[in-house]
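All chains, please: the whole structure from these sequences, using the hints.
Protein sequence lines correspond, in order, to chains R and X.
Counting along the first sequence from 1, when you hit position 69 you're at 69 in UniProt numbering, and nothing is skipped either side.
Counting along the second sequence from 1, when you hit position 171 you're at 171 in UniProt numbering, and nothing is skipped either side.
Hints were generated in silico from the structure; no laboratory data involved.
Here the structure is a predicted model, which is why all the values come from computation and not from measurement.
We treat Cβ as the ideally placed atom computed from N, Cα and C, and that holds for glycine.
One or more of the hints may lead you astray.
What the hints assert, rightly or not - Quick list of simulated restraints, FRET-style, between CB atoms:
#1 Ile-311/R <-> Asn-335/X: 49 to 59 angstroms
#2 Asn-312/X <-> Ile-300/R: 39 to 49 angstroms
#3 Thr-73/X <-> Val-17/R: 57 to 67 angstroms
#4 Ala-299/R <-> Arg-240/X: 28 to 38 angstroms
#5 Pro-93/R <-> Glu-302/X: 49 to 59 angstroms
#6 Val-17/R <-> Glu-166/X: 48 to 58 angstroms
#7 Gly-212/R <-> Gly-264/X: 53 to 63 angstroms
#8 Glu-125/X <-> Thr-314/R: 51 to 61 angstroms
#9 Asp-263/X <-> Leu-97/R: 25 to 35 angstroms
#10 Val-139/R <-> Glu-166/X: 28 to 38 angstroms
#11 Thr-314/R <-> Asp-184/X: 23 to 33 angstroms
#12 Ile-306/R <-> Arg-240/X: 56 to 66 angstroms
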Amino acid sequence: MTTIRSILGRREAGIFVMIVLFAIAVGIAKPQFLTLNSLRIVLLLVPLILIGAMGQMLVILARHVDLSIGSVLGFSAMVTGMMFRYHPEIWWPLGFLLSVGIGAGLGLLNGVLVTVFRLPAIIVTLGTLNLYRGLTYIVSDARQIDRQYVPSALKAMSQTSPIFGIPWIIFISFAVVFATWWFLMHTRLGRQIYALGSNPVAAPLRGIDVTGVTLLVFTISGALSGLAGILYASRWGFVNPSNTGAGFEFQVIAAVVIGGVSINGGVGTVLGTFFGVILLGCVAAALPLLGIAGTTQNAIYGAVIIVALLIDRTVRRQGVKSLARARA
Amino acid sequence: MLRKTLLGLAAGVAMTTAGFASAAMAQDALKMVFIGKNTGNPYFDSLTNGFVEGCKALGCEFEFVAPATAEATSQIPFIEAQIQRGVDVIAISPNSPDALNQVFDDARSKGILVLTVNGDITGNESHRDATILPTNFDNVGKDQVEMVGSLIGYEGEIAILSATTEAPDQNKWIEGMKATLASDAKYAKMKLVATVYGDDQPEKSTTEMEALLSNYPDLKGVIAPTTVGIAAAAQVVQSRGIAEQVKVTGLGLPSEMRDFVKDGTVTAFQLWSPYNEGWLAAHFAKGVKEGTIKNEVGSTFEVPDLGTITINPGNSINTQAALTTFNAGNIDDFNF
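As structure tokens, this is what we get:
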């Protein structure tokens, strides 16, 4: 009983229940939603968002935000795509190194602007969101990398499977989720991110290298956006200077916040973020199935985000009340 | 001279222009500009190439500019800048059928020739001098229905995967498809079960395509008259391995569809030559400006490689009579 209660009492449980209720509601209208095929559609829809969300979660836990990730994704993917186009002789897995490396560099620059120049992250990354997108146009001469230049082996990673018929791209995203969980739970640095976010003033007094930790979360966020960049080329087979990564930050931040990560820092879990991503993936897959027109989808998608947050807040407030009652 | 990029940060939106002008021109060379729908759109690379080559052959100065996004009003500042620069010809693929009327009037009052290319300002034709369309858009819907019909044996359920709900050309073609299906007995056994919109985003086009397959298990064919949509639909069919059951066709770019045609995912699809639009527009503009071509309905002129071109009612000019069909046999002959 105690175990069940402690599971249900956790914030993640609320989001999980929302996913189940949503799936059942859609399943009543469209039984074909409750099939393995829908699971496949959702899982193929979310890998990039999942990877981006892990990085974003670290940044938000540290009481910052990274709005630039969509452009980091686009720039990393573009440079990597250009390497594929101009140097097809290069061993293609090096593209991962390049894309992640570029992403990490751009993320580090965000971190430097935030720490060294003491600028608010929301303004810095709003600036670099535009800066990095502009650079993407400049390096590419505003030209798309077409399918024929993306290595077949890279494209195959989104289709072929090492095991259980599950494509590589899903395994990679799950590996990132697991690594982030391990990092947050089992390393000193991971715990320091929580400590920094819950009380930035006290953090240095507790021996936390505030600058170092801040640089780290932005660098990781950038690196993971870079990883999402090359996986974009894998998933969709092209890189476009204006479309690739556009709006990525909104999907990712929405998923992280729905997942129960506090925008005030210090509070949030990998599992919650994971469920947040899955919930948004389910909504994105279900709306077309229900025959809801494209223009209406955006409105509903936005409404779902607000409703999910309201439910989460209500559940949490009642949790606090019942806790208070139990104490009294 | 390669004036690469001009980057502006305005109102939190990055707008970029990638422009290039032909090398060292004479002082009085005709100045021509082509304003695309948006940058980074591979379709317009090919169209712009037609302009570049045409202007090179004719000795005109040419520049390509485009806003970052294809919004209704995003082209207005670009047109205003070109009027100030004193160009002789503005060719444009309009993002809106009516938002540009006033700025077009401004340009024409200063003696600038205004041509709409690859899309027209339907209902506001009096605000431009002529339009250059790749083919007669009245026939696109009919041709696409015939294409999908031939692939599925003229029998079974079909669906349309379009771009955005408000795209005027898409809607005109979809109307044409519906009219053809309703009126021609040849297609009596084909049933249009759904029209969905992927907003020209790969993610959304993919979820819409997946939903079509879930909702209509007997679906035989999909027409996607949009380059992003057809590639996304083909990818879904490829990854599910159902190319035999569901035939994807529509309007696509050979460069984006080559892989799908070669591995058998897509048997055939259609388009026209965007290059020829630019090539023809450059020759037409130069001729009109120099008085060798009369911009009057019914008059004709010669364009190298394209032959005799006639100006149709509404000062509308087509580069080709019917759509080009691409398949495994000819796709390697096209480099756009």
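Verification of the hints:
1. In this structure the supplied range 49 to 59 angstroms holds for Ile-311/R paired with Asn-335/X, their Cβ-Cβ distance being about 54 angstroms.
2. Taking 39 to 49 angstroms as the suggested C-beta distance range, the pair Asn-312/X and Ile-300/R conforms, at roughly 44 angstroms.
3. Distance hint check for Thr-73/X and Val-17/R: the Cβ-Cβ separation is about 45 angstroms, which falls outside the suggested range of 57 to 67 angstroms.
4. Take Ala-299/R and Arg-240/X: their Cβ atoms lie about 30 angstroms apart, and the range 28 to 38 angstroms holds.
5. As the Cβ distance of Pro-93/R to Glu-302/X is approximately 54 angstroms, the hint placing it in 49 to 59 angstroms holds.
6. Remark: the range hint 48 to 58 angstroms for Val-17/R to Glu-166/X is contradicted by a beta-carbon distance near 38 angstroms.
7. Take Gly-212/R and Gly-264/X: their Cβ atoms lie about 54 angstroms apart, and the range 53 to 63 angstroms holds.
8. Checking the proposed 51 to 61 angstroms range against Glu-125/X and Thr-314/R shows it holds: the Cβ atoms sit about 57 angstroms from each other.
9. The hinted window of 25 to 35 angstroms between Asp-263/X and Leu-97/R holds, with their beta carbons roughly 29 angstroms apart.
10. Range check, Val-139/R to Glu-166/X: Cβ separation about 33 angstroms, and the 28 to 38 angstroms hint holds.
11. Between Thr-314/R and Asp-184/X the beta carbon distance is about 58 angstroms. The supplied range of 23 to 33 angstroms is therefore violated.
12. Judged by the Cβ atoms, the range 56 to 66 angstroms given for Ile-306/R and Arg-240/X is violated: they are separated by roughly 34 angstroms.
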